[in-house]
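Let chain W serve as the given structure and place chain C on it in line with the hints.
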Amino acid sequence: MIEPPAVLEVDRTSYDDRTELALRGELDNDTLAVAQDQVAAAEADAPPVLVLDLSGLEYVGSCGVRLVLLAQHGADAANRRLAVRLGHGQTRRMFDILGLTTRLEVLDRDTPEDPTT
Amino acid sequence: MLDASTARAAGIQQLTEQLSRALTPADIGRLTATTAAALIGADACAAYSRRDDAEVMESLHTHGWPGDTHQFARIPLHRGRPMSDAVLTGEPVWLEDAGQWRTRYPEMAPLGVSMGHEASAVLPLRVDDRVLGAVVFSFYRPRAFDPADREFLLTVASLCSQALDRARLYAAERDARAVAERERDRMAFLAQAGRLMEAPLSVEERLRQLADLAVTGIADWSAVHLVRGSRVEKVAVAHLDPEKIEFVERLERRYPRDPDARGGAVDVARTGIPVVLPDVPDELLVASAVDATHLALLRELGMRSAIVVPLLVRGRSLGALTLVHAESGRRFTEEDLTFVGQLAAAAALALDNAALYEQQRLVARTLQTALLPSELPDVPGVSCAGRYRPPDPDLTDVYVGGDLYDVHLDEDRERWALTVADVCGKGPQAAALTSLIRHTVHAEVRHGLRPAEVLRRVNAAMLRHHGEARARFATMAHGVMTRDAEGVTVTLVNGGHPPGLVLRGHDVEWIDIPGTLVGVFADLVLPETEVRLGPGDALVLYTDGVTEARGPAGFFGPERLAAVVAGLAGRSADALADGLLAAVTDFQRDRLRDDVALLVVRVER
Chain W
1 MIEPPAVLEV DRTSYDDRTE LALRGELDND TLAVAQDQVA AAEADAPPVL VLDLSGLEYV
61 GSCGVRLVLL AQHGADAANR RLAVRLGHGQ TRRMFDILGL TTRLEVLDRD TPEDPTT
Chain C
118 MLDASTARAA GIQQLTEQLS RALTPADIGR LTATTAAALI GADACAAYSR RDDAEVMESL
178 HTHGWPGDTH QFARIPLHRG RPMSDAVLTG EPVWLEDAGQ WRTRYPEMAP LGVSMGHEAS
238 AVLPLRVDDR VLGAVVFSFY RPRAFDPADR EFLLTVASLC SQALDRARLY AAERDARAVA
298 ERERDRMAFL AQAGRLMEAP LSVEERLRQL ADLAVTGIAD WSAVHLVRGS RVEKVAVAHL
358 DPEKIEFVER LERRYPRDPD ARGGAVDVAR TGIPVVLPDV PDELLVASAV DATHLALLRE
418 LGMRSAIVVP LLVRGRSLGA LTLVHAESGR RFTEEDLTFV GQLAAAAALA LDNAALYEQQ
478 RLVARTLQTA LLPSELPDVP GVSCAGRYRP PDPDLTDVYV GGDLYDVHLD EDRERWALTV
538 ADVCGKGPQA AALTSLIRHT VHAEVRHGLR PAEVLRRVNA AMLRHHGEAR ARFATMAHGV
598 MTRDAEGVTV TLVNGGHPPG LVLRGHDVEW IDIPGTLVGV FADLVLPETE VRLGPGDALV
658 LYTDGVTEAR GPAGFFGPER LAAVVAGLAG RSADALADGL LAAVTDFQRD RLRDDVALLV
718 VRVER
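Chains as they are written, first to last, in my numbering: chain W, 1 to 117; chain C, 118 to 722.
Wrong hints could be hidden among the right ones.
Said to hold, decoys possible - Okay, the calculated bits of chain C under chain W, using three or more residues with CB under 8 Å as the criterion:
hint : stretch
1    : 537-549
2    : 607-616
Said to hold, decoys possible - Examples of chain W residues lying across from chain C (beta carbon under 8 Å, computed):
hint : residue
3    : Asn29
4    : Gly61
5    : Cys63
6    : Leu69
7    : His88
8    : Leu98
9    : Gly99
10   : Leu100
Unchecked claim - Reference excerpt, derived from the structure (chain C facing chain W, CB under 8 Å, subset only):
hint : residue
11   : Glu175
12   : Thr592
13   : Leu634
Because the hints were derived from the structure by calculation, they are not lab data.
Ideal placement from N, C-alpha and C gives every residue a C-beta, glycine not left out.
So that you can see chain W by itself, here it is in the shape it has in the complex (with noise of 0.2 Å):
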């Protein structure tokens, strides 16, 4: 059997205080460079706040975390904030057990309820 490659998609919404990407689809080692990409377009525009919005993903491999990683590093080096959404489901999971959800900006750590809309 041969799988069916990986899909993304990738939305983007500019407000006036925050530009905001919502991945859906899965975000793995092969759909990365195409996530990659739409990052680095966002990021060109330098918005105050980038907000990665990963709770609409179906599957997040440990390698699609890099894009946070990446997105988190380019926000500190240009002095930027970079914020995620994680959602309750297997995105989530999966950055608790990397450790990193206490390390980054989450906006809807506590309740499925976003605080900025």
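Positioned in the frame of chain W, the structure of chain C alone reads:
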């Protein structure tokens, strides 16, 4: 007069019918020179064809001329000669007797009126404004070409012209079809050769089969030579007749080739410059022969024509492909170089790929040896089993992943370090980090450090290793195991790694301890926990290639993992590791999404 006119009309009808059945220019020429000439009452006739704007006319057919007419097979166009004038002006030349010949064409008259010929009608073969050639009707008696006669002769010539035009079109179409069919056959042959070059065979077997394929249509003989170090060796020779191959083998046994000898395929293989011999000259055989018997045997092979092309890839010549026409009598020309060159390129690419694959395999094997233990140490009262599987079983030889399992002894403290790690990514960069982790763990454990401190040292080493680019991380489960009379105690830390589990009897317990992934942050949260294993208990550590495995039934997931491990209760460490690996690979139908590493430590009962 009416009878003559009726006879001419009937004759023209008959000629028309015959011409309509003729297919080739030669057939038209023959009918013109015989049937048409008879109809006209000519004593001799010669029909010539001119190709496009060629400066030469070629004889299609001659009839009625005594003596050898071969010398007139091709005649150059030369203004001031009757046939050339007819062709160049498109107008007929009427010469009614020998006197007119001498007056108008004094230079040509001796030929034109030789053997008693008198009158000649030299008519261009015209279709519209195209002159396709000319026809000469010659008569032993003077003939006054009156207007009716001229019209009749021109009508006959016109019929022949139209038939010649049609035959030429037919011939051109047939030639084009033959070229297209040859190209199609060659493309099919190249495709077949391409498939052969991808077949799961050894390089030499592929080349042997290529040589065999070549003698099924494009040559009578074929051979492949390869450059091996300073030598050029023949690796394949083929002919459809096995007796001929035996003949060559006997010949070569009797007259062994000097391995340093030059010439032919050896030179082409060394220089990369192809050679086309439309004819194999006998002098070549004489020069190659050692003695008269050898020469006789070489001649017996009947080589007529040969082409030798180098196996070129990336500017290097790896060998040569030789094709020879013998008994078929066919000839190779310079035009064949493109096709045979394409065939050789396919073979060269396959050779190059095979060499690269072998190199990659060697590198991968060397790296993998450095990354994974060749065997796990003996731990008294404890059995350990480690497994590693790349995503694709076919890649076992060439894949370098980022997963690691290891058990090693800290002799000074009589404790054993257990490690399972997963570096994000794959390939050489991941392998370099995996190697860094393995060797840092070894060194720091020998320094007597506790597991959390070992991970911090690994973390620091990784941060130093990749400087500012801190996104390539690793997850690690690491612990030290000490023995006592009742079992073992494992002090574990978890650097962002999937939780391990312990199998006690038929129960599975998760060791869910928090911890930060390794290689990204300077400060790590790494609480240690102690896991106690009694007789029969087993600790299972794994990489996320297990839980994130995905098959038709979705993700493998932690629940399925726990169920599979529980189902393996009572098994040895090896059986447990094999059973779990089989469950994961079967779940994904043998094609893994990610590589998998497993470590099972079980206290003997």
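Okay, the hints, checked on the actual structure:
no., hint, verdict
1, 537-549, "holds (count 4)"
2, 607-616, "holds (count 5)"
3, Asn29, "holds (7 Å)"
4, Gly61, "holds (6 Å)"
5, Cys63, "holds (5 Å)"
6, Leu69, "holds (4 Å)"
7, His88, "violated (17 Å)"
8, Leu98, "holds (4 Å)"
9, Gly99, "holds (3 Å)"
10, Leu100, "holds (7 Å)"
11, Glu175, "violated (62 Å)"
12, Thr592, "holds (6 Å)"
13, Leu634, "holds (5 Å)"
Checked against the numbered hints given earlier, this structure breaks hints 7, 11; the rest are met.
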